[in-house]
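Novice: Given the sequences, and given the hints that come with them, work out the whole structure.
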Amino acid sequence: MKSAISQQRFNRDGEPQTYLNNGHGLRSWFLTKDHKRIAMLYLVSVAFFFAVGGIYALLIRINLLAPNGLFESDTYNRIFTTHGIIMVFFFLVPAVPAVLGNFLLPIMIGAKDLAFPKINLLSWYLYIFGAAFTVIAVIAGGVDTGWTFYTPYSSTYSNSNVLLAGVGIFIVGFSSILTGLNFIVTVHTMRAPGLTWFRLPLFVWANYATSLVIMLSTPVLAITVSLLAIERVAHVGIFDPAIGGDPVLFQHMFWFYSHPAVYIMVLPAMGVISELIANMSKKNVFGYKLVAMSSLAIGVFGFLVWGHHLFVSTQSVYLGIIFSFLSFAVAIPSAIKVFNWTATLFKGSISYDAPMLYGLGFIGLFLIGGMTGLFVAAVGLDVHLTDTYFVIAHFHYVMVGGSLMGFLGGMHLWWPKMTGRMYPEAWARAAMVIQFVGFNLTFFPQFILGYLGMPRRYATYPPEFQVLHIFSTAGATILAIGMAITICYLIWSLKKGQRATPNPWGAAGLEWMTTSPPPTENFYETPVVTWEAYDFTVVRPEDVTGMAAE
Amino acid sequence: MSEHIVSKKVYYAIFAALLIGTALTIGAAFINLHNFNIVVALLIAAVKATLVIYFFMHVKYASRLTKLCVALGFIWLFIIVSITMTDYLTRGWFTYVP
Ligand SMILES: [Cu+2]
Numbered sequence: 000m001k002s003a004i005s006q007q008r009f010n011r012d013g014e015p016q017t018y019l020n021n022g023h024g025l026r027s028w029f030l031t032k033d034h035k036r037i038a039m040l041y042l043v044s045v046a047f048f049f050a051v052g053g054i055y056a057l058l059i060r061i062n063l064l065a066p067n068g069l070f071e072s073d074t075y076n077r078i079f080t081t082h083g084i085i086m087v088f089f090f091l092v093p094a095v096p097a098v099l100g101n102f103l104l105p106i107m108i109g110a111k112d113l114a115f116p117k118i119n120l121l122s123w124y125l126y127i128f129g130a131a132f133t134v135i136a137v138i139a140g141g142v143d144t145g146w147t148f149y150t151p152y153s154s155t156y157s158n159s160n161v162l163l164a165g166v167g168i169f170i171v172g173f174s175s176i177l178t179g180l181n182f183i184v185t186v187h188t189m190r191a192p193g194l195t196w197f198r199l200p201l202f203v204w205a206n207y208a209t210s211l212v213i214m215l216s217t218p219v220l221a222i223t224v225s226l227l228a229i230e231r232v233a234h235v236g237i238f239d240p241a242i243g244g245d246p247v248l249f250q251h252m253f254w255f256y257s258h259p260a261v262y263i264m265v266l267p268a269m270g271v272i273s274e275l276i277a278n279m280s281k282k283n284v285f286g287y288k289l290v291a292m293s294s295l296a297i298g299v300f301g302f303l304v305w306g307h308h309l310f311v312s313t314q315s316v317y318l319g320i321i322f323s324f325l326s327f328a329v330a331i332p333s334a335i336k337v338f339n340w341t342a343t344l345f346k347g348s349i350s351y352d353a354p355m356l357y358g359l360g361f362i363g364l365f366l367i368g369g370m371t372g373l374f375v376a377a378v379g380l381d382v383h384l385t386d387t388y389f390v391i392a393h394f395h396y397v398m399v400g401g402s403l404m405g406f407l408g409g410m411h412l413w414w415p416k417m418t419g420r421m422y423p424e425a426w427a428r429a430a431m432v433i434q435f436v437g438f439n440l441t442f443f444p445q446f447i448l449g450y451l452g453m454p455r456r457y458a459t460y461p462p463e464f465q466v467l468h469i470f471s472t473a474g475a476t477i478l479a480i481g482m483a484i485t486i487c488y489l490i491w492s493l494k495k496g497q498r499a500t501p502n503p504w505g506a507a508g509l510e511w512m513t514t515s516p517p518p519t520e521n522f523y524e525t526p527v528v529t530w531e532a533y534d535f536t537v538v539r540p541e542d543v544t545g546m547a548a549e
Numbered sequence: 000m001s002e003h004i005v006s007k008k009v010y011y012a013i014f015a016a017l018l019i020g021t022a023l024t025i026g027a028a029f030i031n032l033h034n035f036n037i038v039v040a041l042l043i044a045a046v047k048a049t050l051v052i053y054f055f056m057h058v059k060y061a062s063r064l065t066k067l068c069v070a071l072g073f074i075w076l077f078i079i080v081s082i083t084m085t086d087y088l089t090r091g092w093f094t095y096v097p
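Protein sequences, first through last, are from chains A and B.
Heads up, the first sequence is in numbering that gives the first Met the number 0, so the first residue is 0 and it goes up one at a time.
Heads up, the second sequence is in numbering that gives the first Met the number 0, so the first residue is 0 and it goes up one at a time.
All the given hints hold, so there is nothing to weed out.
Here are some of the chain B residues that sit facing chain A, going by a computed Cβ distance under 10 angstroms:
#1 W75
#2 I82
#3 L88
#4 R90
One side of the interface only, derived from the structure: several residues of chain B facing chain A at Cβ under 10 angstroms:
#5 D86
#6 Y87
#7 F93
Simulated from the structure, these hints should not be mistaken for laboratory data.
All C-beta atoms, glycine included, are put in the ideal place defined by N, C-alpha and C.
Specialist: Right under this line is the structure:
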């Protein structure tokens with residue numbers, strides 16, 4: 000295979016051919032079938048919802064500055080519900096697969112596009128359509144049930160726009176189902192010649208495992224939401240005991256989706272981290288096969304642990320013990336990943352550029368998030384910790400410390416590939432450190448608050464908790480500043496950033512063997528893979544420096 | 000996708016087997032086996048379902064991946080039913096005193 004730099008072609012104006020300048024105007028974007036452009040559409044939409052969800056997070060923190068709360072309790076209910084719904088369904092679930100996965104998966108396997116390009120575009124429109132319903136629900140007054148929509152808040156005693164938001168989530172679920180379907184078929188059928196399953200980058204493995212989970216779990220969410228609607232519209236007794244239903248059934252069904260959804264949110268980020276750690280320490284991931292298989296194991300086990308959300312909801316204690324044990328079991332494949340990433344660093348030539356900082360941040364924060372997961376998975380301890388801030392802190396360490404760190408790390412690693420421009424390294428490192436400090440200051444005090452008994456979703460609290468709440472709000476402010484810096488310099492770099500070479504990091508992987516940004520068809524010649532994953536001996540120096548070899 | 004051509008004889012044989020299975024189910028219903036009536040009926044039904052899936056739905060001739068997917072569906076069902084029954088049958092074991 001020739002080096003990417005020698006393959007670069009130019010259009011009539013003498014500009015390098017890229018997917019970005021192949022077609023101009025809104026039409027070329029909104030009717031595109033190019034997976035890379037669809038990824039960019041997703042990036043803009045996901046970033047928008049992240050900002051909205053972030054503003055609602057700040058409103059929560061502002062309310063909790065004073066023991067009596069600054070908003071009405073009802074308003075506060077609607078604020079945290081909106082924060083949860085937007086962050087989970089419109090940011091965390093699609094962020095890594097629909098943006099980074101969409102952009103990279105076909106390139107990483109040497110394909111020209113996903114298997115179903117039109118369905119890929121359809122999935123983005125479904126996302127926007129579903130989002131529109133949810134936005135209308137928020138504008139019309141919001142939802143006050145919490146993002147979990149527990150009955151009877153969402154059924155018998157519902158007094159907010161549950162149905163509207165439910166329709167939005169129903170639709171957006173199909174968006175992720177279509178993405179998952181596309182990924183599965185693509186990985187099975189479109190790998191480049193020579194690219195066997197165990198030569199696939201771990202990011203592909205992680206997205207493949209995620210897609211399986213999406214396909215198997217998301218329909219259950221759709222069914223649950225539909226049943227909620229059927230009960231309200233047709234008065235069939237499903238969740239309402241007065242007409243023969245069972246409210247706990249809702250919790251079973253909801254968590255049958257939503258626990259696997261945790262892995263939908265974190266598995267792709269783990270795939271990103273594998274890439275970051277390997278490429279930033281220039282070593283093959285230690286125990287490649289085990290890391291690949293652990294993704295599948297997490298996916299499978301993730302379906303068998305939903306009952307750990309119901310330890311205090313009339314579930315049989317015996318079953319609670321079984322769910323507790325199964326939840327502990329998920330720690331094994333997660334620990335395999337963390338240990339193997341750490342072992343990869345051993346004697347590697349480690350770079351501390353921003354992507355690596357995010358990678359290391361992920362390992363540290365996910366470790367805390369995962370270990371506290373064991374605390375809340377223990378039946379006895381969870382009776383004390385259920386619905387306290389301990390749980391809030393735990394899953395924010397997994398979701399923000401894990402998924403968000405992974406997403407941002409991946410955005411930095413592949414930003415040159417996606418945009419053709421380098422981001423400013425010093426700013427990026429500074430922003431990462433600010434976010435890291437802000438994040439810990441926000442959520443570490445919440446572990447203590449929860450342990451002391453501060454319940455989640457309360458607008459007010461006893462005065463002795465105020466100090467810890469003020470720490471938390473201060474941290475959220477710092478985190479927001481860090482995020483704002485990142486958004487600013489990334490936008491700045493689109494025009495002013497240094498031009499990127501095909502392989503600025505000296506990284507291994509097919510995406511680094513094409514130009515930055517890639518042409519519409521990804522590769523001018525179909526790559527033939529004769530090397531294993533993360534083989535740094537096939538990295539060509541001229542692709543790194545951008546100077547054609549003499 | 001290469002289509003596997005199955006001879007008509009196989010289809011007739013399976014059809015006959017299914018009819019025999021139906022007759023057996025009806026016949027077994029007239030014999031009082033106490034609690035085991037349901038077991039016998041389910042066993043016959045399982046055999047019939049296997050025949051349908053294996054021959055009529057062509058799983059016998061499908062790729063290993065398809066077979067795996069079919070098997071997973073049943074493993075899934077087994078897990079869901081067993082977890083549900085675990086809850087249902089053991090709720091009375093411990094009483095929670097608040
Ligand atoms: Cu869970």
